[in-house]
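Please build the complex by placing chains Z and E on the supplied structure of chain H, with the hints as guidance.
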Amino acid sequence: MAEGHSAVVTPMSGGASGENYLTTGKGPLSWLFTLDHKRISVMYMVCILGSFLLGGVFALLIRTELWAPGATIMSADTYNKMFTLHGAVMIFLFIIPGIPAALGNFVLPLMLGAKDVALPRLNLLSFWCWLAGATVCLVSIVVGAVDTGWTFYTPYSTTTSTAVVSMTLGAFILGFSSIFTGLNFIVTIHTMRPEGMTWFKMPLFLWSLYSTAIIQILATPVLGITLLLLIAERTLGVGIFDPALGGDPVLYQHFFWFYSHPAVYVMILPAMGIISELVSVFSGKRIFGYTMIAWCSIAIAVLSFLVWGHHLFTSGQSGLLNMIFSALTFSVAIPSAVKVFSWLATMYKGAINLAAPMLYVLSFLFLFAIGGLTGLFLGSLATDVHLHDTYFVVAHFHYVMFGGTVIAFLGGIHYWWPKMFGRMYSEFWARISAALIFVGFNLTFFTQFVMGSHGMPRRYYNYLEVFEPYHQASTVGSYILGLAFMIMAYYLLHSLVRGEKAPENPWGGATLEWATASPPIATNFEHEMVGLDPYDIDSLTFDRETGNYVRKDPGSIFSKPIGEE
Amino acid sequence: MNQVETHQGPHVASVKLLLVVWIALMFGTWLTVSVTYFDFGAFNILIGLGIATAKAVLVALYYMHLRWDKPFNAFIFICSFAFLGLFIGLALMDTTQNQPEMIPGFGVPAASAAAPEMP
Amino acid sequence: MARPKIIDHNPDLAHHFESMDQQRQSSRLGMWLFLVTEILFFGGLFCAYVVYRVNHPEVFIFGHHFLDKSLGALNTVVLICSSLTMAWAVRAAQLKQRAILQLMLVLSFVLAGTFLGVKYVEYNHKWQHGLLWASRYAPDAHVLAEAGVEVTAAHAEEAVSESAGGMPAGETSPALEALPVDETGTRTPMDEVADTEISKIGPAATGPAGLATSGDLAAAEAERNAVSVDPANAKTFFSVYFLMTGLHGIHVILGMIAMLWLLKLAFQGAFDGGHYTKVDNIALYWHVVDLIWIYLFLLLYLID
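Chains as they are written, first to last, in the numbering used here: chain H, 1 to 565; chain Z, 1 to 119; chain E, 1 to 304.
Think about it this way: if two alpha-carbon atoms lie no more than 30 Å apart in a straight line, the pair counts; the simulated DSS-like pairs of lysine-lysine are:
hint : chain 1 : residue 1 : chain 2 : residue 2
1    : E       : 264       : E       : 119
2    : Z       : 16        : E       : 96
3    : H       : 201       : Z       : 70
4    : Z       : 16        : E       : 264
5    : Z       : 16        : E       : 278
6    : E       : 96        : Z       : 70
Calculated from the structure, these hints are not laboratory results.
In isolation and in its complexed conformation, chain H is listed as follows (with noise of 0.2 Å):
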């Protein structure tokens, strides 16, 4: 499938009728006031990613800057507002709803076989919160932008002088479109599963999801009323965070990192759920360890709730708490590297097929498995005291947060972009975009390893000339990836237009979404369907002609008429 193989445009079709979701109603009002799953997540998709390139320009402009000590492009003011807004912005706006929002909202219902999710009204009303949660972020950027880094920590955040309550306002409202969704899939996966599809015959991405939206629901009010309680304190002066009037500083990062540290899980586990899929599919075999790898989901979101003071160990927490959120850190390990094996072991004498969306499952393997065991090395009390607050610390979450959730992320676009829009991309050109990205990934965050282990600090604006040469290869690294999301936006959209017709079932997927066309209609199905094992990749056969993977047996998917049994 190389690029521009098909130089007829050919119309857009989906089912019998021809019609599909993104034909049926014209004009943007029926986009804005529309009720169909797959159109929010569109909508989504396109503002999580408009959201993406500029959280990505605030890094290149971070890393521009830090080419050579001392002053480049900015001043130090200016500087501290970018590291801050690329925080801020990669985090609320762009990584949490991510999968969720705009892979996990498309793909759900379809996973279920159903029409819709259970309250679509809710879900539009969450993209409505994610729309004004974001102009208020953008004003605030516009008219102040703050420079206390993204956690907004006091008693920087009531001392400045910038726009925190209008960014913490912003980041109250997009907090309630994450509840909104997280809710909404529970009750999906809850009340709306097909006949057939009992718990563990649901694909993993659905577990992944649910799991994800257990954390939102429960740690996401908590967001609410700590950034409401920051609100208070710098408009009204309530003192609860601010110790001149009696409060405690330490407090405000409790309630921070008891949102912040699931948070980061809700970030990962739907990146978990795309690989699962992922690496079944294009490894031709079944997942290895279903049911280990769903109760590990279950289990990370649990214990997510029980580590957040590991970012509290040089904070003046009690030596006693340390020990405690340290020992219990280590334990999330287990649930996460048992998922790991068992991505291993589904590759194992597997016919892999080393697509796109496979390129970057392979990165997913390396750079979590550097991310995860790094961040044991933070998780352990005494190397965390030297590490803490230097670039290891950035380079962990980085490795873990673009090496794990956004090349998942970007493997879920490859996998599900011929569904979403009914073309293909240009397989050649994605190959390129995917190995510059994990080159260039590589490039920018190993050496910030190394400068970190050898003491470099992180958010300084200048450092000493022996970490120039790290600095730059840093800085090379991540116009490398700027290079490699530039022709992935040029691929993608070129397909919109010029790529080759999808069909119904192009890589091979056992789960219900592959089973209705590409792109599908606006009510999803034309039959009732049935949930048979999501990962009974046997049960199809490829047809040479059409490039379509078929069902052997193709009635089994669609439920029975009552009397016909």
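Chains Z and E only, in chain H's frame:
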């Protein structure tokens, strides 16, 4: 759907039940206020919390229909309190373990704390 | 092949559900999950409350004397009554009794308004006497003095026995002079606080450069006691009080708006078909507002 369908329809609470629960809640309020006039030491707060929780359980079971609802709804409601307990408990463990004497210069009379060493 | 399993033709059934039961279970589960988020949302404030109360018990013992127990109890009764009327409204909606539903919604609305009215009286009293959150905390001397009188009246016996055990008389100040003095020593709201109930953490004020805390705790404490009858950081109590009751009050207002909306729908006959999900969900929300108040009343008004 593979859920167990309950075709008997939603439960309707009788007026008598609503009023009995209301009387119990009123009695609970009177009791909460009354016990504050007696000194049971540290038990006062426990007794108060006990009565408040009993009231909360009554409201949840009967006014909020949890008794006739799917057990899962009760489970998630209880979970919210469990996670809240976790949050408060661990945050509290930190503050009760404060060791201000480890801060250099703390607790030393101001006069003798000349030029404290900063870490 | 047409969809084979359409069995329910209720006009209230949304297109993506197969039965009314499935639809009802979905909305109820969704509402319960939302209530979970409400519990954890308030949970942050409860956490702040517990942390400060455990570390500085004397602040809470002092502060609660300025809350009117009877007004708090009245509001508890008002909210419990409104919970009853909301539960009754759900019953009426289930049984398609439009008139009773309207009556119950009106009653609930009036009771919620009464709650806010009482709250207004309380807030107004505190506003006038400077009993506000941390940065605005500036209590009138005579209010502190009156609180001292109340304490003496209510706890005369215990206070006498406690101070007979050697309560040191503090230095006098304008505020202290206003307090009634008997032969056992000075009466202040703090006299009834047992030694074990006094914070072990010193006040964070001034200290060696770069540190928040004074080098000499005892001196700082004595200096404070010389000018004030309230314990260090008494203002924290009022911050917590206003945050908790304020956030609760906002929820009451949101509940009232929702009740008005239900009332409008009820007058339009939207519930005559027995599709009572909206009433049910808002009643659930309202009961949680009631539940939170039950705890707030206990934890803020009934300390000690």
